[in-house]
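*Asks:* Chain residues, written in single-letter form:
Number of protein chains: 4
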Amino acid sequence: MDVDKEYFSNITTRERAIFEGAISMGALFHQFVGTPVNKDTKKSLETSMEESLKLQPAIEDVEVEIRFDKLEESMTEFDYTSLTGDMLDVKIHTKVENVKAIIRIEFIEELNYPLMYVEKIED
Amino acid sequence: MDVDKEYFSNITTRERAIFEGAISMGALFHQFVGTPVNKDTKKSLETSMEESLKLQPAIEDVEVEIRFDKLEESMTEFDYTSLTGDMLDVKIHTKVENVKAIIRIEFIEELNYPLMYVEKIED
Amino acid sequence: MDVDKEYFSNITTRERAIFEGAISMGALFHQFVGTPVNKDTKKSLETSMEESLKLQPAIEDVEVEIRFDKLEESMTEFDYTSLTGDMLDVKIHTKVENVKAIIRIEFIEELNYPLMYVEKIED
Amino acid sequence: MDVDKEYFSNITTRERAIFEGAISMGALFHQFVGTPVNKDTKKSLETSMEESLKLQPAIEDVEVEIRFDKLEESMTEFDYTSLTGDMLDVKIHTKVENVKAIIRIEFIEELNYPLMYVEKIED
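Residue numbers (my numbering), protein chains in the order written: chain Y, 1 to 123; chain L, 124 to 246; chain F, 247 to 369; chain W, 370 to 492.
Hints are computed from structural coordinates only; laboratory data are not their basis. Certain hints may be false.
Below, in silico cross-link-like pairs of lysine-lysine (BS3-like), each with a Cα-Cα straight-line distance of 25 angstroms or less [stated by the list, open to error]:
#: 1; chain 1: Y; residue 1: 91; chain 2: W; residue 2: 408
#: 2; chain 1: Y; residue 1: 100; chain 2: Y; residue 2: 5
#: 3; chain 1: W; residue 1: 464; chain 2: W; residue 2: 439
#: 4; chain 1: W; residue 1: 489; chain 2: Y; residue 2: 39
#: 5; chain 1: L; residue 1: 214; chain 2: F; residue 2: 337
#: 6; chain 1: W; residue 1: 439; chain 2: Y; residue 2: 54
#: 7; chain 1: W; residue 1: 412; chain 2: Y; residue 2: 39
#: 8; chain 1: F; residue 1: 289; chain 2: L; residue 2: 166
#: 9; chain 1: Y; residue 1: 43; chain 2: W; residue 2: 423
#: 10; chain 1: L; residue 1: 162; chain 2: F; residue 2: 251
#: 11; chain 1: F; residue 1: 316; chain 2: L; residue 2: 165
#: 12; chain 1: L; residue 1: 162; chain 2: F; residue 2: 337
#: 13; chain 1: F; residue 1: 288; chain 2: F; residue 2: 251
#: 14; chain 1: L; residue 1: 166; chain 2: Y; residue 2: 5
#: 15; chain 1: L; residue 1: 128; chain 2: Y; residue 2: 120
#: 16; chain 1: F; residue 1: 300; chain 2: L; residue 2: 162
#: 17; chain 1: F; residue 1: 300; chain 2: F; residue 2: 285
Facing chain L, according to a computed beta carbon distance under 10 angstroms, are these residues of chain F, among others [said to hold, decoys possible]:
#: 18; residue: 254
#: 19; residue: 256
#: 20; residue: 259
#: 21; residue: 283
#: 22; residue: 297
#: 23; residue: 303
#: 24; residue: 306
#: 25; residue: 309
In silico negatives: residues of chain F with every beta carbon more than 12 angstroms from chain Y [to be verified]:
#: 26; residue: 247
#: 27; residue: 252
#: 28; residue: 307
#: 29; residue: 339
#: 30; residue: 366
#: 31; residue: 367
Keep in mind it's a predicted model, so treat the numbers as computed, not measured. Just so you know, even glycine gets a beta-carbon here, dropped at the ideal spot from N, CA and C.
Same shape as in the complex, but just chain Y:
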C-alpha cells in the first residue's frame, strides 16, 4: 500500500510536516507526564523521550530539556517529583520532502500553560 497516496494526498507537504510533528508533541506530553524524576534521572528520561519519539513518522530529531528550575520548584520530601508540563522545553524537528518544521512546547508564564506551536517552518 502507498500510504502517502492513499491517506495523505488531501494535504500539502507543509501541512503534513506540521501534522506529524503535532502528533508527536501531543504524544510526548501525555506519555511521559507523571514520570518520577529528579536531577539524577533527568538525563536518562530526556534521552528516552528523544529516542522514543524519533521513531514516529517524519520525525528527524527531538530535543528535550526538562527545566531544572521547575523541577526543583516542585521537589518533595522524597527527593523526586512527577514530570509536569511546565518542566518541558522540547523541539521536534520534522521533514517531509523539501519541507522542514520545528514544533515547540514551552511553558508561557503569562498563560500558565505549556504552549505547543510551530516555531519554524521552511520550504
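Please build the complex by placing chains L, F and W on the supplied structure of chain Y, with the hints as guidance.
*Replies:* Frame of chain Y; chains L, F and W shown alone:
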C-alpha cells in the same frame, strides 16, 4: 497577550486546524492506552476520552469508538484487558475560523498500525 | 491454572489485600495524571477512573475525588488544566477472603507529596 | 513529620515492603505502556524505566527487560510499535528495615495476562 498573533501568525488557518487536531489525537492515544477496560466500562471510558480532549484548543467535537471486536480478541482470564491502539476508532473535529477538519485514527490491518490522518478538511 | 495457589501462596491474605490495592493505586495515578480536565469534565473523569480500576483483581470499590481547590489553583488561560497528583483524593477498597483494606492517596502539604498509604485494614 | 509513624504504623514491615513494590509496579506499567519502541530504543527505554522507578520510596533496584520476541511479534510497517504489557519482564526489589521483597511482572500465556506477584520475600 494575543496568543494567535504572537504564536500562530506563521501558519495558515488550514494548517492551524490540522495542527490542533493532531496534537489532540497524539494526546488521546498516549494518555489512555493502557487503561483497564472491558465491555461494561467501554462506554464510560469513551465518554471520558471525548470530554477530556474536547477541552483542548480548537476542538469542536470528539467521537471515540473502542472497537468491541479488538477488545474481545485481547480479553484475559481476569475479564478485562488494557486499552491498545488497535481498538481505537476516533474522529476529532476541529474548527479554526472558517476551516473545519476531521482528524482520524483507525487501525489498518495491512500496516498492522493505528494510522492517524486528516480524514476531511474544508474551507 | 489455580493462580492463587501457583503465585500467591507465599503471602498472607492480609498481604494480598494490600498488594492488589497498591498496584491499582500506582496504576490509577500513572494512567490518568496528565489528562485534560476542568470543572465540567471532573465528574466523567472521576467515573471513568473508578470504573476502570474496579476491573482489577480484588478491587471491590474505588472512590475518586478530584479536588476542586487544587484544580482551580492550576487553571490556565485556556479554561482547563492537566490532572496532577496533588488533585487526587482516592480510596481503593480491596477484599481478599475475609480481609478488607482501604488504600488511600491524599496530598500532604507538609511533604508536598501525594502520599499513598493503607488507611484501614481489618480481618 | 515522622511519615512512617504517622501513616505506616498499622502495617508490618513485610506488608510495607510488599506495598511499596506493588505501587511501583502498577506505576511502571501504566506510565510506560504506549511508548513508541523498537530494537534500537529498547535499551534507553529500559534504563529510563529503571532509573525513574528507583526514585520511589523503599525501591532498592529495578530490572526491566522488554521482551524482544513480543516486541517483534507486534512490529508495524513503520519499524516501531507501542510498548504493551506482554512485553514486560520486570523485577522490583524493595527493602524496608530487614525485609527484602521482589515484585515481579511477567506475561503468563495461559492467562493471556501480564501477572504481577510477589516473587520472593525474606526477613
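*Asks:* Take the hints in turn and mark each one as holding or not.
*Replies:* Hints, verified against the model:
For the hint pairing residue 91(Y) with residue 408(W), the CA-to-CA distance comes to about 24 angstroms; that is within 25 angstroms, so the pair holds. At roughly 20 angstroms between alpha-carbon atoms, residue 100(Y) and residue 5(Y) fall within 25 angstroms of each other, so this suggested pair holds. Between residue 464(W) and residue 439(W) the alpha-carbon distance is near 31 angstroms, which puts this suggested pair outside the 25 angstroms criterion. In summary, the hint linking residue 489(W) to residue 39(Y) is not supported, as the alpha carbons are separated by about 31 angstroms, beyond the 25 angstroms threshold.
Taken as a hint, the residue 214(L) and residue 337(F) pair is broken in the structure, with Cα atoms around 34 angstroms apart against an allowance of 25 angstroms. A distance of roughly 21 angstroms separates the Cα atoms of residue 439(W) and residue 54(Y); the hinted pair therefore holds under the 25 angstroms criterion. Our distance criterion of 25 angstroms between C-alpha atoms is met by residue 412(W) and residue 39(Y), whose separation comes to about 21 angstroms. In summary, the hint linking residue 289(F) to residue 166(L) is supported, as the alpha carbons are separated by about 14 angstroms, within the 25 angstroms threshold.
About 15 angstroms separates the Cα atoms of residue 43(Y) and residue 423(W), which keeps this hinted pair within 25 angstroms; it holds. Under the criterion of a C-alpha separation no larger than 25 angstroms, the hint pairing residue 162(L) with residue 251(F) is inconsistent with the structure, at around 29 angstroms. For the hint pairing residue 316(F) with residue 165(L), the CA-to-CA distance comes to about 29 angstroms; that exceeds 25 angstroms, so the pair is violated. At roughly 24 angstroms between alpha-carbon atoms, residue 162(L) and residue 337(F) fall within 25 angstroms of each other, so this suggested pair holds.
A hinted pair counts as satisfied when its Cα atoms are at most 25 angstroms apart, and residue 288(F) with residue 251(F) does not qualify at roughly 41 angstroms. Between the alpha carbons of residue 166(L) and residue 5(Y) the distance comes to roughly 35 angstroms, so the proposed pair goes past 25 angstroms and is violated. In summary, the hint linking residue 128(L) to residue 120(Y) is supported, as the alpha carbons are separated by about 15 angstroms, within the 25 angstroms threshold. For the hint linking residue 300(F) to residue 162(L), the alpha-carbon distance of about 13 angstroms falls within 25 angstroms, and the restraint holds.
Proposed proximity of residue 300(F) and residue 285(F) is supported: the alpha carbons are some 23 angstroms apart, at most 25 angstroms. Contact between residue 254(F) and chain L, as hinted, is not supported at the beta carbon level, the nearest pair being about 14 angstroms apart and thus beyond 10 angstroms. At a threshold of 10 angstroms, the smallest CB-CB gap from residue 256(F) to chain L is about 20 angstroms, leaving the interface hint violated. Residue-level restraint check for residue 259(F) is violated (minimum Cβ-Cβ distance to chain L is 19 angstroms; threshold 10 angstroms).
Taking 10 angstroms as the C-beta contact cut-off toward chain L, the hint placing residue 283(F) at the interface holds, the least distance being around 7 angstroms. The closest approach between the C-beta of residue 297(F) and any C-beta of chain L is roughly 4 angstroms, which is under the 10 angstroms cut-off, so the hint is satisfied. At its closest, the beta carbon of residue 303(F) sits 6 angstroms from a beta carbon of chain L; the interface hint therefore holds under the 10 angstroms criterion. Hint on residue 306(F) is violated. Least Cβ distance to chain L is approximately 15 angstroms, over the 10 angstroms limit.
A cut of 10 angstroms between beta carbons decides the hint on residue 309(F): the least distance to chain L is about 15 angstroms, and the hint is violated. Listed as a non-interface residue, residue 247(F) keeps its Cβ farther than 12 angstroms from every Cβ of chain Y; the least gap is roughly 33 angstroms. The beta carbon of residue 252(F) sits about 31 angstroms from the closest Cβ of chain Y, which is more than 12 angstroms, so the claim that it is off the interface holds. With a minimum CB-CB distance of about 24 angstroms to chain Y, residue 307(F) clears the 12 angstroms threshold, and the non-interface call stands.
The Cβ of residue 339(F) sits about 24 angstroms from the closest Cβ of chain Y, beyond the 12 angstroms cut-off, so the non-interface label holds. Distance to chain Y confirms residue 366(F) as a non-interface residue, since its nearest Cβ pair spans about 23 angstroms, more than 12 angstroms. For residue 367(F), the condition that its CB be more than 12 angstroms from all CB atoms of chain Y holds, with the nearest at approximately 23 angstroms.
In summary, the numbered hints that this structure violates are 3, 4, 5, 10, 11, 13, 14, 18, 19, 20, 24, 25.
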